[in-house]
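With the hints as constraints, model all of the structure from the sequences given.
Letter by letter, the chains look like this.
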Amino acid sequence: MGVYSKPVVFAILSAVVILIGTVVTVFIPMLMPSTQPVSDYVKPYTVVELEGRDIYIREGCNNCHTQTVRPLRTEVLRYGEYSKPEEFAYDRPFLWGSRRTGPDLNRVGGKYPDSWHYKHMKSPQSMFDKSNMPPYGWMAENRLDTRYSKKKISILGYGYTEEEVERQIAGYKARVTSPSYDSKEARNEVTPEELRNELTEMDAVIAYLQKLGRDVKNMEAEE
Amino acid sequence: MKENSYDYQIVRGFTFSALFWLIIGLIVGLWIAFQMFNPALNLTPWLSFGRLRVVHTNGLGLGFGLAGIFACSYYMLQKLSRTPLVFPRLAKAHLYLFNVIIALAALSLFAGMNTSKEYAELEWPLDIAVVVMWVIFAINVFATLVKRQEKQMYVSLWYIIAMTVTIAVLYIVNNLEVPVNLFKSYSVYAGVNDANVQWWYGHNIVGFIFTVPILAMFYYFLPVSTGLPLFSHRLSIISFWSLIFAYLWTGAHHLMLTPLPEWIQTVGIAFSIFLIAPSWGSVINGYYTLRGNWEQMRSNYLVKFFILGITFYGLQTIQGPTQGLRTLTSFFHYTDWVIGHVHMGTMGWVTMTISAAFYYMIPKITGTGLYSIRIANVHFWLILVGQLVWTVTMWIGGIQQGAMWKATDPDGSLTYNFLDSIASLYPYYKIRFAAGIVYFAGIILFAWNLVMTIRKSQEVKNQPLNR
Amino acid sequence: MNFAVWAYILFTFSLVVVFVFIIFHYYNPRRKKEVEAPKHRMLDDDEGR
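Residue numbers (numbering that gives the first Met the number 0), protein chains in the order written: chain A, 0 to 222; chain B, 0 to 466; chain C, 0 to 48.
Be aware that one or more of the hints could be misleading.
Short derived list, chain C residues pointing at chain B, Cβ under 10 Å [to be verified]:
1. Pro37
2. His39
3. Arg40
Hint data in this document are derived by calculation from the structure and do not stem from the laboratory.
Just so it is clear, CB atoms sit at the ideal spot from N, CA and C, and this is done for glycine as well.
If you want it as structure tokens, here you go:
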């Protein structure tokens with residue numbers, strides 16, 4: 000009875016059968032540059048944004064928030080310009096998500112000031128009493144861990160030198176700890192005294208959120 | 000033949016591992032179901048929804064699902080080959096390794112060590128452990144098959160082979176990552192490609208855990224528990240090859256209207272529609288097997304698990320391709336509709352089939368009857384009602400939310416803000432939680448019944464496995 | 000019609016051919032007994048219960 004009495008041949012045959020669809024729809028597109036185009040407008044994440052992105056991943060934010068605006072009229076009305084492949088060239092992993100328990104975040108950058116995010120992260124219910132988002136105030140109680148930042152940047156190939164990595168971290172820290180920071184009050188409210196002059200996890204997450212969709216907005220502004 | 004040398008210890012071990020992870024996974028499920036309408040349960044970082052959801056999906060998919068599959072596979076493998084397991088000690092190592100991996104997986108996900116790729120969230124050291132475990136399983140599968148005493152392999156064995164091969168390919172390809180340290184890594188793929196690989200994996204890991212091996216169980220346990228031969232082995236051949244061929248093309252229906260190249264999306268829809276055919280091939284095969292013997296629905300308590308199970312499989316395999324169509328996906332995607340769809344499969348098809356398989360195997364290997372058929376019947380009705388209320392509630396919620404997202408006023412502006420749409424679902428979330436409790440009660444009875452069956456057999460004989 | 004359209008048609012057509020071949024092969028009455036044998040064999044439980 001041929002293949003049905005030869006388990007090893009059967010296994011090889013099944014492997015071939017499952018690999019046909021895999022090669023055509025997954026492996027071949029990977030070799031085509033048009034699948035993941037690159038645009039000069041879309042810049043890699045800064046070090047602090049990247050650290051914020053890693054916290055976003057750690058907390059599983061992608062389980063409730065998508066990051067793809069679909070080309071549908073009401074969706075563009077609600078969130079903004081629909082998502083383009085170029086925007087995701089530096090995303091490892093991608094974070095498009097599969098369920099919108101919360102709104103899409105692909106265009107959230109620049110939508111609200113930092114102060115809004117500090118308050119909202121601390122207590123979503125204080126801003127929207129019916130929200131079911133978990134509170135993340137404790138992120139402001141954790142100092143941002145940048146021990147692996149250089150290694151991360153080199154793995155991801157963003158091309159920053161080690162000095163550049165340090166400069167970016169110091170720069171962002173100077174920005175949020177400066178007395179003239181526009182969201183100083185909200186930040187001080189959620190950040191414990193001893194961390195007010197340090198970078199916290201919440202600072203990084205907010206930096207990341209403010210990056211989302213920014214490059215596309217800049218591109219549109221120039222056009 | 001060498002009946003006494005069959006390794007049933009391993010079947011028992013995986014059966015009770017499955018029950019354990021099933022209960023843990025459902026408790027987490029109830030917890031997050033409550034959080035959906037009352038965020039006060041986000042007590043600590045490790046109890047926050049974002050982390051727990053992953054513990055729920057992995058605990059049930061990998062903990063319960065895989066353990067159930069291993070238990071039934073080791074049983075069917077020996078029975079259908081008429082050969083004892085070739086490496087029983089390796090199988091024992093498999094059992095221990097499996098439980099250690101799932102426990103570490105749960106702990107690491109609680110701790111937020113998470114790659115974010117759905118059903119592939121485990122960080123790289125655990126990925127390696129999973130691959131090692133899979134190889135251990137595959138060695139036993141193929142060694143036993145090669146030594147088998149039965150010339151032709153029955154269809155269930157094909158499904159086991161296909162699962163063994165495909166999961167290996169899927170898991171390795173999607174989990175290729177560059178480690179930063181022991182607890183953190185980055186995917187080797189970027190952006191659109193990462194999404195494409197992930198949903199090729201995400202769709203097929205569901206297919207090759209929640210469909211393929213469950214069909215193997217269905218094709219084996221329905222005939223043996225009714226004494227009726229399968230309606231058509233030829234039909235199962237056609238269904239098998241079409242199913243495993245078409246499955247791998249369809250991942251893109253999870254990425255409709257995203258930046259993924261349009262042709263991949265279109266090919267994904269085409270093959271999704273085609274998949275209805277082989278899926279219904281199995282459904283028809285199941286129904287026709289009972290031809291002329293439908294009174295067994297009443298007289299044989301196991302039959303209703305199988306028949307309702309395959310019915311939910313049939314419904315789900317029509318719903319899935321339909322909701323992937325561009326028009327419908329633009330409405331349903333990202334809503335609770337999809338959550339309802341998934342749970343009809345897992346709470347209906349998968350759990351009912353595994354339940355019946357366990358109810359068949361455990362009395363068989365202990366040599367005593369089931370502790371209580373009445374409890375098994377109550378278990379059936381509780382999980383049936385629990386699941387139906389659960390899924391229908393989510394479908395209604397999904398339709399409502401989809402409609403609210405699309406609603407516009409006459410001037411073209413949006414009628415509802417996002418928060419309106421989620422807050423309007425809270426009544427549904429409360430019903431869903433209640434349905435979950437009903438379902439959970441059924442599962443507790445299920446576990447209790449099997450534990451008591453083992454107890455009973457130990458009372459009857461001092462050596463439970465030496466019939 | 001461009002290359003892609005032809006490629007799709009050709010691919011679909013060859014899939015249909017393979018599919019039809021498999022069906023005719025296994026539904027050939029001459030093979031019935033052999034192909035259907037395992038479903039009866041699997042019911043012979045060697046435990047004799």
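Structure-based check of all given hints:
Taking 10 Å as the C-beta cut-off, the interface hint given for Pro37 (chain C) holds, the closest approach to chain B being about 4 Å. A least Cβ separation of about 5 Å between His39 (chain C) and chain B falls short of the 10 Å threshold, and the interface hint therefore holds. Checking Arg40 (chain C) against chain B: minimum C-beta separation of about 7 Å stays under 10 Å; hint holds.
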